[in-house]
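> Quick mapping for you: the protein sequence lines, in order, are chains A and B. As numbered in this note's numbering, residues 672 to 1102 make up the first sequence, in order. As numbered in this note's numbering, residues 672 to 1102 make up the second sequence, in order.
Among the hints, a few may not be true.
Straight-line alpha carbon distances no greater than 27 Å define the calculated DSS-like cross-link-like pairs of lysine-lysine that follow [as the list claims (entries may be wrong)]:
1) K1040(B) / K1074(B)
2) K1074(B) / K1044(B)
3) K746(B) / K1034(A)
4) K1034(A) / K914(B)
5) K914(A) / K840(A)
6) K756(A) / K1044(B)
7) K746(B) / K746(A)
8) K844(B) / K827(B)
9) K890(A) / K1040(B)
10) K995(B) / K1040(B)
11) K914(B) / K837(B)
12) K1015(B) / K900(A)
13) K746(A) / K756(B)
Hints in this document: simulated from the structure, not taken from any laboratory.
Spelled out from the first residue to the last, the chains are:
2 protein chains.
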Amino acid sequence: MPQLGLLHGRAWTVFLGQLRRPPGAVCIRAVRSHSQVAEALFASQLKPQEKSNFIIKTPKGTRDLSPQQMVVREKILNVVVSCFKRHGAKGLDTPAFELKDFDIAGQFDPMIPDAECLKIMCEILSELHLGDFLIKVNDRRILDGIFAVCGVPESKFHAICSSVDKLDKISWKDVRHEMVVKKGLAPEVADRIGDYVQCHGGISLVEQMFQDPRLSQNKQALEGLGDLKLLFEYLTVFGVAEKVSFDLSLARGLDYYTGVIYEAVLLQTPVHAEEEPLNVGSVAAGGRYDGLVGMFDPRGHKVPCVGLSIGVERIFSIMEQRMKTFGEKIRTTETQVFVATPQKYFLQERLKLIAELWDAGIKAELMYKNNPKLLPQLQYCENMGIPLVVIIGEQELKEGVIKLRSVPSREEVAIKRENLVAEVQKRLSES
Amino acid sequence: MPQLGLLHGRAWTVFLGQLRRPPGAVCIRAVRSHSQVAEALFASQLKPQEKSNFIIKTPKGTRDLSPQQMVVREKILNVVVSCFKRHGAKGLDTPAFELKDFDIAGQFDPMIPDAECLKIMCEILSELHLGDFLIKVNDRRILDGIFAVCGVPESKFHAICSSVDKLDKISWKDVRHEMVVKKGLAPEVADRIGDYVQCHGGISLVEQMFQDPRLSQNKQALEGLGDLKLLFEYLTVFGVAEKVSFDLSLARGLDYYTGVIYEAVLLQTPVHAEEEPLNVGSVAAGGRYDGLVGMFDPRGHKVPCVGLSIGVERIFSIMEQRMKTFGEKIRTTETQVFVATPQKYFLQERLKLIAELWDAGIKAELMYKNNPKLLPQLQYCENMGIPLVVIIGEQELKEGVIKLRSVPSREEVAIKRENLVAEVQKRLSES
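With the rest of the complex left out, here is chain A:
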C-alpha cells in the first residue's frame, strides 16, 4: 500500500471489532461508532503523506474465557492477523495492545483497495471454515438514486433507508407496510422501490441497472454503478466474484458510509435442494466513508477511506456452538512430548531429558513429582491429547536408549538416546 508523493491520502483501516452483541455475552464492545471514528481521525491529524495502515481494535471488555475458549479465540485471531499480514499490513498491532488512532495513505485509483477488502473477507471466512458465505455489496449512491427516482421526498430518505435495511429479516410485504403506514410513503412510491430493492445478482445485474430507464437518469446512481462494475471486474480477476452478490436492499444502518458498502453473511446449507440458503447473520462488514474524513481535512477536501470490520465475537460464538454440536475436543496446551518414567528415583534423568527437548524448541512436559506412577503419566497424555511420550527407566539407561511411545497407537520403539531429538522432530514434522 504505497503512497508516494500525492496530494491527499486515503485511509486503509481494518477494525477487528464487534458487529453486534451476541446474546448472553457480557462485556461486549459495540462496533466503533461514528464519533469514535471521527475522534480517531481527528487524533491522526490526517498526515496525507503517510503510509497506509491496518488497525486492529480488540474488544475493550472481555469475558472470562475457559482455556478451550481461548484456544478458539486464538485460532480466529491468528487467521485474521496472518491474512492482514499477507496483505501488507503495517503497524498491525499484535492483539495484545489496543491502539486508538490511524495513518492516512496516498491517493489510490478507484476500487482497488475496495476489491482487496472483499478479497480479504473471502480469505478470512474461507480459512475459518465457517461454511458457505456470501458478501452482499451495494452503494449508498445507488440507494439514494433509487429513492430519488422513485419519488421519495429527500426528508424521508433516512427513514426509508432504515426500512429497506430490514429486508434481510422481514418480508417485503412487511417492509412496504412500514413504509406506507408508519412512514407515510405513497403506496405507488413504495411499489417502485420494491421493484428495485428485491433484486440481487452479479455483474449482469449491474449492467441491467445501467440500462434501467429511470435509474440511468440519476447521476449519483450512475457513479455508484460505475464503481460497482469496476469492483466486479477486479473481483473476477481475484477469483472471488461468485462469492459476491449485488444486493439492492443492502443499506447498512451506519450513516458514515458514502460509497460502496458490503456485508458478509453465512449461509445455512438448505435441507432440500429447492430451498434458498438461509441467512444466519452477518460476520463481517465494511465500506467507504470518504465524507467523514473530509470533515477534518484542513482544506475541506474529502479524504477517501476504506474500512473493514470482522465480527470476532460473532464468529467466536458460531465456532463455539459448532464445536459443542459436533463434540469436537479442543486441546488446551500445545505440548508435543511428555517425559515419563516407570521407575523411582528417575527425576534427574527426566529433568535432563526434558531440558534437551526444550533446548531443541520442542514443547514438553513432565510430572512435577519425584516418583510418579507410570499409568497416571500415560493417562494424562491421553486426556490432554499429547501425541508422544518418551520413557526412561533403568533398562533404557543401561542400554543408552529411550522408549518413544505414540499415544494414539500405543506403539513403542527404542531409539538411541543421541537420536531422540531428531526422531521426535521428524515425527512431529510428519504429523
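Starting from the known structure of chain A, arrange chain B on it as the hints suggest.
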C-alpha cells in the same frame, strides 16, 4: 504440569506485567499488587483438582506506539508466549485479551516448578538477546533466619528487610547507616547482618551457609537452604546453574513471598577486565507465595504457589534504546513480494498475479494505481525492505514469463509464469 488426584493444589502462574515504571513512559501499569493477587486467587475459588495454568497479564494502559515500536513489542511477546507454550502452558491467553482468575494445580514435589520458572527466565532472556544476565536467588526464610540470629527484634524485620533490598543500588556503608541511624538498629547487629548480606555465590555458598555456626541453628533458614540446595541441583541438570547466583541481599520488597525469591538482572559488559559487571536493572522476577493462597483455602491449608513476572515494558525500553543506538532498521510490514509493472494498462495482470501469490500464502503488495511508474515501485521496495519484486510487462506477457528481481542485489531473472509461485517460495525458504 499434571495434577492427578491429590489433596491440595499448587498454582503455577506467570504474570507478564510491569516490574517498574520506566522513565518517561505513560500509561504504565504497576506490578500486580498483593491485593490484586489476592483478588485473583479469591476469584479462582481454589479449584484444587484443576490443571495448572499460565496467565499472561498484559499492561492495561498502553502508550501510542509507532509501527516500529509495535514490531519490537510483538517480537518480545512472541518470544515469551512461545517459551510458555514450550513449557506446556495451558489456558495461555493470546495477548489480545486480559484475564483475571487462575487454576490451581496438583501437589508437586519441592523445587521442580521453581526450577522450571528459572529455566523459563533463562530461555526468554537468552532468546531476546539482551546481553549477559544473572538471576539472583534467595529465600525469605533465610533472610528471616539471618535477622533472627543476628539479633534483630522481630518488630524491625520488615524495616530492616527494606534496607537490605537497597543493596543493589547503594553501598553497604549507606545501608548500614540507614539501619543504625534511621531504623535504630544496634551497630553490632547491623555488622553481623553485613557479614551475611554481602555474600553471593553458587551452590558452594549454600553449602557454606549450612555450616555457618549461627545460621545452622535457625530452623527456618535451614529449610530455605535445603530448598536452595535442591533448586541448584535441578538448575545444574537444566544447564542453567551458572546463570544463577545465591545472593543473600535479595529481599524483593513484596510481602507475599514466603520461600524462594528470584530476580533477573542484565549485566553491562565491563570496559576493563578487572571491573565487576554492572547491574543495569531487573527485567524479570518471581518467587513462592504459599501463604497468601492459603488465606483463601476453605480449610485454612496453605496452598503453594509459584509466580513469575516478565518486565515487558522494561525489556521493550531496553531493546528500543539499543536499536536507536545501533541504528537498526526495523521493517514495519512482513511483505515478501511486490508486484510491479513498467507499463501502462497492466493493472488486471498485476491483480491476477498478486491474487495467485496471496492464494499461495505469500505476503504481497502492489501499488493501488492504474498506471504507476516503475522507479517509484522499486524505490518503495527498497524503502520498505521488501526482498523480492515480480515484474510483468508486455514482453513478459508475450513470452509467458515473469521477471523476478532481488531487491538487495538488484539482479533480475526471467521465470516461467507457471513456476513463479514455486520459485518465490524456494527463495523465501532459503533466505
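> All the hints need checking, so say for each whether the structure fits it.
Status of each hint after checking the structure:
For the given pair, K1040(B) sits about 20 Å from K1074(B) by alpha-carbon distance, which is consistent with the 27 Å threshold. Proposed proximity of K1074(B) and K1044(B) is supported: the alpha carbons are some 16 Å apart, at most 27 Å. Simply put, K746(B) and K1034(A) have alpha-carbon atoms about 19 Å apart, close enough for the 27 Å limit, and the pair holds. For the suggested pair K1034(A) and K914(B), the alpha carbons sit about 22 Å apart, so the restraint of at most 27 Å is met.
For the hint linking K914(A) to K840(A), the alpha-carbon distance of about 21 Å falls within 27 Å, and the restraint holds. For the proposed pair K756(A) and K1044(B), the alpha carbon gap of about 25 Å is at most 27 Å, so the pair holds. Straight-line distance between C-alpha atoms of K746(B) and K746(A) comes to about 19 Å, which keeps the hinted pair within the 27 Å bound. Simply put, K844(B) and K827(B) have alpha-carbon atoms about 19 Å apart, close enough for the 27 Å limit, and the pair holds.
Taking the CA atoms of K890(A) and K1040(B), the gap is about 25 Å. The hint holds against a cut of 27 Å. For the suggested pair K995(B) and K1040(B), the alpha carbons sit about 35 Å apart, so the restraint of at most 27 Å is broken. Annotation: proposed proximity of K914(B) to K837(B) holds, straight-line Cα distance about 22 Å (limit 27 Å). For the given pair, K1015(B) sits about 21 Å from K900(A) by alpha-carbon distance, which is consistent with the 27 Å threshold.
For the hint pairing K746(A) with K756(B), the CA-to-CA distance comes to about 15 Å; that is within 27 Å, so the pair holds.
In summary, the structure is inconsistent with hint 10 from the numbered list given earlier, while agreeing with all the others.
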